[in-house]
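Trainee: Sequence lines, in order, name chains H and F.
Sequence positions in the first sequence follow the working numbering and run 51 to 690.
Sequence positions in the second sequence follow the working numbering and run 51 to 690.
You may find that some hints are simply not true.
Any copy, or any two copies together, can satisfy a pair, since identical chains are not distinguished.
[Claimed, not checked] The calculated lysine to any residue pairs, modelled on SDA-like cross-linking and capped at a C-alpha distance of 20 Å, are:
id : residue 1 : residue 2
1  : K516      : E683
2  : K255      : R336
3  : K359      : P213
4  : K58       : T103
None of these hints come from the bench; they were simulated from the model.
Protein chains: 2
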Amino acid sequence: MPTTYTVKFDIATEPVEVPGGTLITDAAQKAGIEIGQPCGGQGRCGQCAVQVTSGKVRRRSTMRLAAEDVEQGYALACQTVIEGDLTVVIPLQDQIQERLTTGQSASEVAIPDGYDCCEAQYIQRIPLTLSPPNMEDQTSDWARLKTALLKATDLADAQISLPLLLNLPTILRGSEWEITTFINRENSAEGLAQVIDIQKGRISKDKPLWGAAVDIGTTTVKVVLVNLLTGEVKGQAAEYNQQIARGEDVISRIIFASKEDGDEKLRELVVGTINDLITKACRRARTKPSQVYKTTISGNSTMMHLLLKIPASSIRLAPFITVVNHLPILNAAELGLNIHPQGVVDCLPGVASYVGADITAGVLSSGMDDTEKLTLFLDVGTNGEMVLGNRDWLVTCACSAGPAFEGAGVLHGMRATTGAIDEVWINEDTLDITWRVIGDEKPKGLCGSALISLLAEMLMTGIVNKGGNICHSLDTPRTRKGSHGGEYVIAWADETQIGEDIIITDVDVDNLLRTKAAIFAGFTVLADSVGIPLEMVEQVLIGGGFGKFINVEKAIQIGLLPDMPWERFQFLGNTSLKGAYLALLNYHDRNRIAGIADKMTYIELSADNRFFDAFTSAMFLPHTNMALFPTVEEALKSKE
Amino acid sequence: MPTTYTVKFDIATEPVEVPGGTLITDAAQKAGIEIGQPCGGQGRCGQCAVQVTSGKVRRRSTMRLAAEDVEQGYALACQTVIEGDLTVVIPLQDQIQERLTTGQSASEVAIPDGYDCCEAQYIQRIPLTLSPPNMEDQTSDWARLKTALLKATDLADAQISLPLLLNLPTILRGSEWEITTFINRENSAEGLAQVIDIQKGRISKDKPLWGAAVDIGTTTVKVVLVNLLTGEVKGQAAEYNQQIARGEDVISRIIFASKEDGDEKLRELVVGTINDLITKACRRARTKPSQVYKTTISGNSTMMHLLLKIPASSIRLAPFITVVNHLPILNAAELGLNIHPQGVVDCLPGVASYVGADITAGVLSSGMDDTEKLTLFLDVGTNGEMVLGNRDWLVTCACSAGPAFEGAGVLHGMRATTGAIDEVWINEDTLDITWRVIGDEKPKGLCGSALISLLAEMLMTGIVNKGGNICHSLDTPRTRKGSHGGEYVIAWADETQIGEDIIITDVDVDNLLRTKAAIFAGFTVLADSVGIPLEMVEQVLIGGGFGKFINVEKAIQIGLLPDMPWERFQFLGNTSLKGAYLALLNYHDRNRIAGIADKMTYIELSADNRFFDAFTSAMFLPHTNMALFPTVEEALKSKE
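Next up, chain H with everything else stripped away, as it sits in the complex (with noise of 0.2 Å):
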């Protein structure tokens, strides 16, 4: 019988008792914590690292960790076994989170220019003086309100709840008939509200009125508090999901959420994020999350679903239905969200099972929807989503382009946090590379930016060619055959974290090549489907984390972008959260995300034959089609 040892958590209340050789990430689940395990307790992603503060353990593997980090006691909780009495320290997520990413701290969304934050609010705080009652005035507490609350403002009229109303005589009594109310207008100039809170005393103007937008991003959610009478955002926080313990893609989180209490289960994961970063962002601007009166919440189909835990299986399965993409505007008690219970809450609307709220919140704040240029939008993540259009419509379409990009399928592939390879550069006469590290330190792997430069510049220097085949025959050590065809050497063993060499495989360029295949071909199909060459396209706007970091005249090259004048891209950013962050401020940019909703037409592309068509067309590099890639046909012809 092994050794029992005690193990003591930093957040746990109580150490608990496990058998020696035990993981840590059962003992942590014993002790009532969960640490994601986006990999599934591979010891590849190195979300489950912990701090061992003291005693004895064993770690299996140390992928992911840095040296110095091990020295400090960090460890993989899925790969580490318990050999003493322990105290562990549980980073916070945000910690890891910063550790793994490149961490900007620049806020995410700023006020546009010349934005009016006063213009067609929803939340606003009217301070009021009442005439107390007496045997001349005997009006009812809440007509006396209401009364003095529509000549203080422009409504027409106003609601209240009954939770409201129990506490009405007690407010108005005890503070000397002096209140503030918190009001909630209709999405319209109509001047309908429902009153939300009443507080004791009149608030003064200085004082911030707080709302958060939130993006829930199947990976990441973020969070940024608003002081919503001057639109400035006081405070942000991100977070991975917590639903990524449970499966990396909506796919898998789908069927979790079709097991038993699945669905409550990924309901409280990602409510407790959310949660966990207004908190963290409510510190950061000194305030509490009850004092927050809206959020908005910008996602996926598949996140919105679960959040409010209506059955998803229906957007797995063909054809591939939502159960709503409109939803009714709830409150925070309904939802579990920890903000005022009477706090407002708005999930903005979808489109289709693959094209959610995340995508027409992103065409908002892209603004496509507004101007006269035919505009591309492109949001890249796990799936590959696209709207082309202008002010007068818009198509759209979603691919499954694979996570190829963010690093999944590909054999050396990470995301873009400490330790990967960004971007890469071949010498065209001796094949040799030279790549940067984000972090300045050994490599682990390559990142999606750097996969792009990577292709590209093994097709300009003929170590790929335009079939995707690795030439292992080259007069460089670099190239190589291995087990599953040819290789290409990107780094040495002893240059690397890892102690192996970091290559790519035919296999690796094989997913890729799937994943920019089926966007590039996704754009052919919208362009087709309205009947507009693509070349037509003015702008081409891209989305989305992963974005900000792709080498436009790389993504050409290789077929991922079309082959247009590199002014015409542009790189926005969370586009997302942005329009979360819209329609948190006022009620037009709201409706104008329902219209931008309406307006869509949504091309199914699994069962469009012209989508195969395009996307066999697409699986070469740039294209088999070289007319479309005027530039790229020039450039590889000036190195025969």
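For this one, chain H is given, so just place chain F on it according to the hints.
Mentor: Okay, now just chain F, sitting in the frame of chain H:
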């Protein structure tokens, strides 16, 4: 130490052990059973009668019980101590009710002639066959349903709540896309509706669609169960308001509510009463409460506050303010009503602390808001509420009439139940009296209608003078001097069930005078406030159960009702329940009630000197100003 006995109540799950000498009420409480004791456990009201089917008890008092009841084991729980192991049957409250009241079995409400029940309905049931989704039609489940719903109806827009969305995909796919939706329309012709239920399959048009109208009286709660498709009443039930065990009148209830958890207790009691009644009414109509989709509730302002647990203290204390008169629409789950959880609960609007929804609903059902005739509407219960006006204007007031006509404050007064004398005649020569008893048995006391007749007959025969004093020196043994002044004997001890003389005293007459004076003073002030002489009133409409049994001639003779031709008086029954029934059926009538509430001018009598003057003038029989009662003056003269 006393012996311990086992008491088994039929409706309790477990027997209880109590010491010998314990009151049955206390034993019942120990068993978790609340036995109503409106009289506070004095053995006076008879409400706590139970049936001891085996075992030994000692009855301290059997007042209110007939000899045959006692033979059958009936006992007043508050007056009976346990002297052996017992089995006790608690009669159903409505059995008690039926034993104690005259118990009409005919419906209290009826479909008005020529009334179109299909016009302006709130709740509608729409069967729909949806086309299943496919790759060419990926509309979301909700959008699919909504499109079909709008197509099948004249609706302009429809909304759905989150709880229904959670089940939507399962219902649609489990029913082969054949469903029936239940909607609640807004109270206007604008065509907005909320989906409140979705059931599998197409429900036949012939199947009833249920709603319930509820009248919460301070004393009695009544429910009628209505097929909303036809307007027919298919079940009804009435029961004492279970709150009565916590106080007889609104003032004592408000005081109880302000004690710790008192508000929650009272809420539970009245919600429990309503749920019991709905269950009973449903049983009679062979349906289930979960099939009831709407409840429209009428009641005085205090009852409405207590139902919703809204603090009611300000109703009791000057300046007598309600928290709210126009309540938001609620759903059944919010309120704890045992109908369909998404069922709509509409609490009708009131006007002031002492003019509640019972009066606005009463005005509607009286039709006085829709006639050119100058109308006086009167509802006498514990308070007397009255409304004067016509289709153009309405003024209203409430006078603390006191419950003398309900039997309180009168030595041998009682409610109009079995054993109550309800009519009397005095021979003007012999001054002897004959009477009629409810239930054709020996009398126990006098109910309100008998008190009015008695006072009138005593006045006409000179037994009581205009000042309200009983002449105890008349040539009959029935008049005599008692400890509180003059007395008149209505029934000798051996003629009664109670074994003592049933008498009326100077003190009783004074209480009755105060009550009738308060009511008549109310009329005077209302007429005075609009500058119209009371005799201009073209019709007097009398609501409330009490009204039905008043002898108009006698009521005029004592100065309770104004002296005008008898044909101007109409008795309308339970106008509050009737108004709730009409508002349940259609939004035209519901909107009319809201309009009535808005239109009514409320006059606060407690701050009105005119009221005190008018009250003082009315403290005579029939009045100090005999010119107001010409027919009475003439009748009195003819006797001289």
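Trainee: Classify it for me, K58 with T103: is the Cα-Cα distance of at most 20 Å met within a copy, between copies, both or neither?
Mentor: Cα proximity of K58 and T103: one copy only (10 Å, versus 65 Å across).
Trainee: Is it within, between, both, or neither for K255 and R336, if the alpha carbons may be no more than 20 Å apart?
Mentor: Intra 17 Å, inter 60 Å, cutoff 20 Å: intra-copy only.
Trainee: Could you place K359 and P213 in one of the four classes (within, between, both, neither) given a Cα distance threshold of 20 Å?
Mentor: Between copies, since 10 Å is at most 20 Å while 25 Å is not.
Trainee: Pop the pair K516 and E683 into one bin, within, between, both or neither, using alpha-carbon distances up to 20 Å.
Mentor: within (11 Å within a copy, 120 Å between copies)
Hint compliance for this structure: every hint is met.
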